[in-house]
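Mapping of the sequence shown onto mature numbering (1 follows the signal peptide of the UniProt record, and there is no 0): residues -27 to -1, 1 to 342, in sequence order.
Hints listed in this document are in silico derivations from the structure and should not be mistaken for laboratory results. Watch out, some of these pointers could steer you wrong.
Straight-line alpha carbon distances no greater than 16 Å define the calculated EDC-like cross-link-like pairs of lysine to aspartate or glutamate that follow [said to hold, decoys possible]:
1) Lys282 to Asp120
2) Lys88 to Glu319
3) Lys171 to Glu234
4) Lys73 to Glu274
5) Lys111 to Glu168
6) Lys88 to Glu317
7) Lys235 to Glu302
8) Lys255 to Glu234
9) Lys282 to Asp184
10) Lys111 to Asp173
11) Lys69 to Asp191
12) Lys263 to Asp251
13) Lys255 to Glu302
14) Lys89 to Glu274
15) Lys69 to Asp105
16) Lys285 to Asp251
17) Lys171 to Glu317
18) Lys297 to Asp251
19) Lys73 to Asp191
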Amino acid sequence: MKPTKSRPRQFLSVTAILLCSLIVLQAMQMIYQTVKESSRKHDTNNCVRSVLGYTFDGVFAQKVAEGEIERVKESTAAVTDRASRLLPNCSDIQLKLEGKNVQVNTSNITNFDLKKELEYLLQAGGLYSPEDCEPPDKTAIIIPYRDRMNNLLTLLRNLVPILVRQRIHFRIFVVEQTSEYPFNRCLLFNVGFVESMKVDNFTCVILHDVDLIPRRYDNLYQCHPQRPRHFVRDRSNKEIRGLPYRGFIGGVLAMRRWQVEKINGCSNMYYGWGKEDDDLYKRLCAVMLKPVRYDNPALGEYIALGHSKQQKNKLRNVMLRGAKIRMAEDGLSSLSYTRVNFLERELYTWLLVRVPPPPPPRRPRARFH
């Protein structure tokens, strides 16, 4: 009887079937991963479009560079990851802040050294968002600036760690004016307000002088729910202590976005030093938004940094008499400037702007009461 050859053939057949099955399974797995990845990208793009639309008040008519889209995607992913966790409100942590003085460091420091000192705290553009709690506001800190680099570096060196300890979601905007005309602090604040709202939907805006440093950790940089908040009660290294007069709101002032819009921003007419804060105070009082301060006077203690004196505005008192009369037509509604440069630096978002020439002097159309 001849030996049969069916067993090797059956073994080869079974082996071939198994190999084919493995190939089919691998192919199906690859198809599944491709479909899943495509769906994930589609969802991410939809999410990015939604975020961009919200960030820019629903207007997304211009093309955004691919690098900017990728940056927004990364930010969106971080926000989504944080939102997926149950975090306490930052107010719970803020209530536990120690009421002790800050060890203010006024020694000179280079921009390079300061970047190394603060780079672990800030994201590009001077952005910080707490990871362990949900902040109640997004805060834009607007610093009008020209020719005071030492003051700026000293301010950032001391202010940033305070804000981080306070768990404030903030972004720092340094708005620099070119050198053609006298410095216009309030116009630069208007520019910072308009440009910051193009970056994010900030709900709190703080106008901050470059030469003032807070002395207390519990001097909370937060907007009042209903009224503007003035912070500076005292400059501890000056001969004249306390508030110079009752209606003084210079130095550091926090306002909500709707409050800035309600008063049409600051006046654009104050070229040179003096009275722009008083003009702003009259605007706020005209719409029943008289600023408040913290009850504890010690919270308002600041250190004033030295600097050269600015050119005074000779017409400041005449202009102040017409503050309420000009309010509707002088401010955000009449803002004119040229954006020379916009850059996200390591420590802050930098805007360089060219302002129009000072208007010819004119007296108010009616007597101020």
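>> Checking one constraint from the list: CA of Lys88 to CA of Glu319, max 16 Å. Satisfied?
In response: 7 Å, holds
>> Checking one constraint from the list: CA of Lys73 to CA of Asp191, max 16 Å. Satisfied?
In response: This hinted pair holds, its Cα atoms lying about 8 Å apart.
> Given the hint that Lys111 pairs with Glu168, does the C-alpha gap stay at or below 16 Å?
Replying inline: The hint holds at about 15 Å.
> Given the hint that Lys111 pairs with Asp173, does the C-alpha gap stay at or below 16 Å?
Replying inline: The hint holds at about 8 Å.
>> With the threshold set at 16 Å, check whether the alpha-carbon distance from Lys73 to Glu274 stays at or below it.
In response: Within the cut-off at roughly 12 Å; holds.
>> Checking one constraint from the list: CA of Lys297 to CA of Asp251, max 16 Å. Satisfied?
In response: 11 Å, holds
> Is the hinted pair Lys255 and Glu234 satisfied, with a Cα-Cα distance of at most 16 Å?
Replying inline: 15 Å, holds
> Within 16 Å, alpha carbon to alpha carbon, are Lys69 and Asp191?
Replying inline: 9 Å, holds
>> Between the alpha carbons of Lys255 and Glu302, is the straight-line distance 16 Å or under?
In response: 15 Å, holds
> Can the restraint linking Lys282 and Asp184 be considered satisfied, given a maximum Cα separation of 16 Å?
Replying inline: 12 Å, holds
> Holds or violated: Lys235 with Glu302, Cα cutoff 16 Å?
Replying inline: Answer holds: Lys235 to Glu302 is near 12 Å, not above 16 Å.
> Does the structure keep Lys171 and Glu234 at a Cα separation of 16 Å or less?
Replying inline: 15 Å, holds
Of the hints listed earlier, the one the structure fails to meet is number 14.
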